[in-house]
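Number of protein chains: 2
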Amino acid sequence: MKNILNIEIPDNLNGIGSLEPFQGAFTKLKKGWMEEKTVPPPNKAKMPHSSKLCKTLREAIEKTKPYSGMTVSFHHHLRGGDDIVVNSIRILAELGIKDITLASSSLTSAHDALLPFFKDGTITQVFSSGIRGELGKAIAQGVLPKPFVIHSHGGRVRCVHTGKIKIDLAIIAASAADEEGNATGTHGKSAFGSMGYATIDSWYAKQVVVVTDNIVDYPCVPQSITQNYIDYVVEVNSIGDPTKIAGGSTRITKAPMDLQIARLAANVIEKSGELKEGFSFQVGAGGASLAVAKYIRKIMKKTNTKGSFVLGGVTSVGVDMLNEGLFSSIFDVQSFDAEVSSSLMKNPYHIEIPAGVYANPFNCGCMTNKLDIVVLGALEIDTDFNVNVITGSEGYVRGASGGHSDTASGANLTVVVCPSFRGRIPIVKEKVHTIVTPGESIDVLVTERGICVNPNRPELKQNLIDGGIEVKDIHDLAKEVEGITGKAKPIETTDRIVGIVEYRDGTVIDVIRQVVE
Amino acid sequence: MKNILNIEIPDNLNGIGSLEPFQGAFTKLKKGWMEEKTVPPPNKAKMPHSSKLCKTLREAIEKTKPYSGMTVSFHHHLRGGDDIVVNSIRILAELGIKDITLASSSLTSAHDALLPFFKDGTITQVFSSGIRGELGKAIAQGVLPKPFVIHSHGGRVRCVHTGKIKIDLAIIAASAADEEGNATGTHGKSAFGSMGYATIDSWYAKQVVVVTDNIVDYPCVPQSITQNYIDYVVEVNSIGDPTKIAGGSTRITKAPMDLQIARLAANVIEKSGELKEGFSFQVGAGGASLAVAKYIRKIMKKTNTKGSFVLGGVTSVGVDMLNEGLFSSIFDVQSFDAEVSSSLMKNPYHIEIPAGVYANPFNCGCMTNKLDIVVLGALEIDTDFNVNVITGSEGYVRGASGGHSDTASGANLTVVVCPSFRGRIPIVKEKVHTIVTPGESIDVLVTERGICVNPNRPELKQNLIDGGIEVKDIHDLAKEVEGITGKAKPIETTDRIVGIVEYRDGTVIDVIRQVVE
Chain A
503 MKNILNIEIP
513 DNLNGIGSLE
523 PFQGAFTKLK
533 KGWMEEKTVP
543 PPNKAKMPHS
553 SKLCKTLREA
563 IEKTKPYSGM
573 TVSFHHHLRG
583 GDDIVVNSIR
593 ILAELGIKDI
603 TLASSSLTSA
613 HDALLPFFKD
623 GTITQVFSSG
633 IRGELGKAIA
643 QGVLPKPFVI
653 HSHGGRVRCV
663 HTGKIKIDLA
673 IIAASAADEE
683 GNATGTHGKS
693 AFGSMGYATI
703 DSWYAKQVVV
713 VTDNIVDYPC
723 VPQSITQNYI
733 DYVVEVNSIG
743 DPTKIAGGST
753 RITKAPMDLQ
763 IARLAANVIE
773 KSGELKEGFS
783 FQVGAGGASL
793 AVAKYIRKIM
803 KKTNTKGSFV
813 LGGVTSVGVD
823 MLNEGLFSSI
833 FDVQSFDAEV
843 SSSLMKNPYH
853 IEIPAGVYAN
863 PFNCGCMTNK
873 LDIVVLGALE
883 IDTDFNVNVI
893 TGSEGYVRGA
903 SGGHSDTASG
913 ANLTVVVCPS
923 FRGRIPIVKE
933 KVHTIVTPGE
943 SIDVLVTERG
953 ICVNPNRPEL
963 KQNLIDGGIE
973 VKDIHDLAKE
983 VEGITGKAKP
993 IETTDRIVGI
1003 VEYRDGTVID
1013 VIRQVVE
Chain E
503 MKNILNIEIP
513 DNLNGIGSLE
523 PFQGAFTKLK
533 KGWMEEKTVP
543 PPNKAKMPHS
553 SKLCKTLREA
563 IEKTKPYSGM
573 TVSFHHHLRG
583 GDDIVVNSIR
593 ILAELGIKDI
603 TLASSSLTSA
613 HDALLPFFKD
623 GTITQVFSSG
633 IRGELGKAIA
643 QGVLPKPFVI
653 HSHGGRVRCV
663 HTGKIKIDLA
673 IIAASAADEE
683 GNATGTHGKS
693 AFGSMGYATI
703 DSWYAKQVVV
713 VTDNIVDYPC
723 VPQSITQNYI
733 DYVVEVNSIG
743 DPTKIAGGST
753 RITKAPMDLQ
763 IARLAANVIE
773 KSGELKEGFS
783 FQVGAGGASL
793 AVAKYIRKIM
803 KKTNTKGSFV
813 LGGVTSVGVD
823 MLNEGLFSSI
833 FDVQSFDAEV
843 SSSLMKNPYH
853 IEIPAGVYAN
863 PFNCGCMTNK
873 LDIVVLGALE
883 IDTDFNVNVI
893 TGSEGYVRGA
903 SGGHSDTASG
913 ANLTVVVCPS
923 FRGRIPIVKE
933 KVHTIVTPGE
943 SIDVLVTERG
953 ICVNPNRPEL
963 KQNLIDGGIE
973 VKDIHDLAKE
983 VEGITGKAKP
993 IETTDRIVGI
1003 VEYRDGTVID
1013 VIRQVVE
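First to last, the sequence lines map onto chains A and E.
If you read the first sequence in the numbering used here, its first letter stands for residue 503, the second for the next number, and so on.
If you read the second sequence in the numbering used here, its first letter stands for residue 503, the second for the next number, and so on.
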């Protein structure tokens, strides 16, 4: 069968089961209104005054009675500094556990050390928003027997609610926790801010271990994770490398082309008609996206415009804008630097939210549904405005779905910012290798060589033209790019499907096939 | 069949189904460890940028498409000042809805106006922690066709988790809320503090309406109730009478006998060995219990003892002790006066908790399981230390289970304070009319005429004797009381069961039979 984007989706896939083809951003939501089935969270019980403290992570894991075939979950708030995923999987491997489904909210190059466990049958399937580095390459090459499932941040919550991901054991890293497992990421030597991705795991996992390098006196405050869900608590020397927890792709670029694109995008936003009193705003991490915030801040000051909330993926630029009174609140599912953690701890209008409140389409109003403007990046974008943020030019997995499709679908104005090509590689092109976000959700593309508006937004196009912005047809832009880079050689793949890209509603928007080396 | 307290429990009861007899405070917990089944919470969905605001409560209720046979839930944080329960039921009655199961976390004499709806078939069953006034009398007289189910505060959460209470519509009053339904009770003209009892309703109800007399700019902070669960939001002129919201039975007594009992109880606690560095503490509302806190405060200052947390049912005495540094935190499921609301809003160590975290036995450690000392009242207590807090001397329902059995089971030291008789009515007696809390959970009884220790706590008895406290056998005390009041005439009842008292684990600890007038 083919989905609405004309991509061939098998009815069934070994290791996953039956697949439902993508039908459009809100088609299933409208059809399945309040009818999507959920699974019950586990019941647990503990005798009064019993202790949850364990001496070592290994002791805690052993107490949960791990078994082959289980699903183990983690959050990725420690980003490039994370030590907990690799350490935990190593312990499970030492205990002889095989056939693990790894359900981490995302995976980074900090997890390259998992590769041997991908190869030896310890891990046989992965559910994650993204994967990078050696793991992403190996997955594209077909290292795992079962297909990798890529979900959005909102989609992951739906996966857990509906039992697609059945977590047996959640191991939740915290920068501070007390003896009962009340935990936070807002303070401690390894502070990483919001614990938004971990909430759903704590609610639904059959067993939950909180691991921290900072046991504090009872009670830990604030309580991002609460004791009623926590089975065991363990203190370790370190949950990761704090210097790599904040930083990396989340710093504002100094690259001249990115800054140029960001300036253009800010101008587009100003002229779009959406930058109005009380607007809400999100920018993606990395590249030009983050830099847009800097220019929007200037425009807001110049035009004396006050916004409602900043959503994200929060950096210190967002915190500055809150402190300056440019926005009245921040909703924070993930925090990108130390300044953000401290604001989250102290400012009641800097609000920590679970990923479900951030972006799960199946609830009574996630934040992305209330979003006015979002600025997002792209690895590739095609002439139908479909966006790839997951596979690179060699066909390896080297990105993350993240909140891309979640925010793009909800926002009134979705702006994609990217260069039109990188090196000799075209970014704007006729067909992307993998679709993560459907073109219907993208309103405008801003590149250094032209701005294109989705034909489904004619009034937006007129606003931009009225504002003195030159708008280019995306087909013309793609041809222009092809003239420079030459036609991109398609990535050679076998028929074997090594990964599926789930849309946020659980349908399949694309598949990833094994690359031919 | 008989339960472990020798009370006859039918296998089945019309309007409820099969009954499980009480087996002991932790027997079922130990047996059913992690095996108790839960039900899935509903899935919902809303299109982006859609509004939840309704013009009237009636419009909001109509939008939820109410039907006969439905279950409607409320919280009782507005206590004696509540207008929302009666107004909502009146609207449902006007809409022709019949056979409603009313699942309010508790009911007070503010709800006497529901009586016509009990009589005309609008309401046919009640699940609640308690009921008083005209309703409690009518229920004991058999006004409802289906038995009243009395649960504890923790037990109510279990009822919802396990599907015993299936909420179709939750109507949640808030003293401040925003357009999306983020809501709090900590500020606004009708501030009532913690919304702890409403959390579970917001999570599990098929539809949720937030009703407030104070719509605030988005976002409402703090967010005791969060938008992802809320279907509709409505602003009304008033959610109740603020002068009756705080106050009533929650003021510290000035009655000389209550103060005498409170002083004795404080002395018992001091000599028990449990008032040690880092202890945690709860006092019940009303009568002598609340006054005990005043004396404990003095002892803590005198002995320079610092406690861990105050739990409850929080009054300004608890807040004062937090502010004085006598305790390091408060966990607040229900707040009893304006000063408490303001502390809850401002002090991060004054922590709002859902009723599940407070007292649900089926999770990984509710707060009552971590409690060291609790002081509770009683309407009656028998020579096996079984306590009645639900039926009065005429057999009418005139009290509430509340957190009585929850805290009694978890605390290391459970102290019951009450006069030995009231008027010509014995309080300490051979057999109570209705058991809410089993004697095994009660450690010591303090009355104006003697202190009795449960024989299952010989070491406690020794500590008290060593501390110079005279300990009396409870049988002797009961006989002494009988000598004063004369033998209590047993309450005449028919065989018809009009109510069951659920123990917190879902088993039946006692039944309430129809009184003969």
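Some hints could be false.
One copy or two, either will do: identical chains are not told apart, so a pair holds if it fits within one copy or between any two.
With a straight-line Cα cutoff of 25 angstroms, these simulated DSS-like cross-link-like pairs (lysine-lysine) come out [stated by the list, open to error]: (1) K565 to K532; (2) K539 to K567; (3) K708 to K666; (4) K796 to K567.
Keep in mind that the hints were calculated from the coordinates and are not lab data.
It should be emphasised that the depicted structure is a prediction, and the values quoted were computed from it without experimental measurement.
Structure-based check of each hint:
Proximity of K565 to K532 under the C-alpha cut-off of 25 angstroms is restricted to the inter-copy arrangement: shortest distance 18 angstroms between copies versus 44 angstroms within a copy. Proximity of K539 and K567 under a CA criterion of 25 angstroms is satisfied inter-copy only: 21 angstroms between copies versus 29 angstroms inside one chain copy. For the identical chains of this complex, K708 and K666 are neighbours both inside a copy (14 angstroms) and across copies (22 angstroms), given an alpha-carbon limit of 25 angstroms. Proximity of K796 and K567 under a CA criterion of 25 angstroms is satisfied in neither setting, with 50 angstroms inside one chain copy and 47 angstroms between copies.
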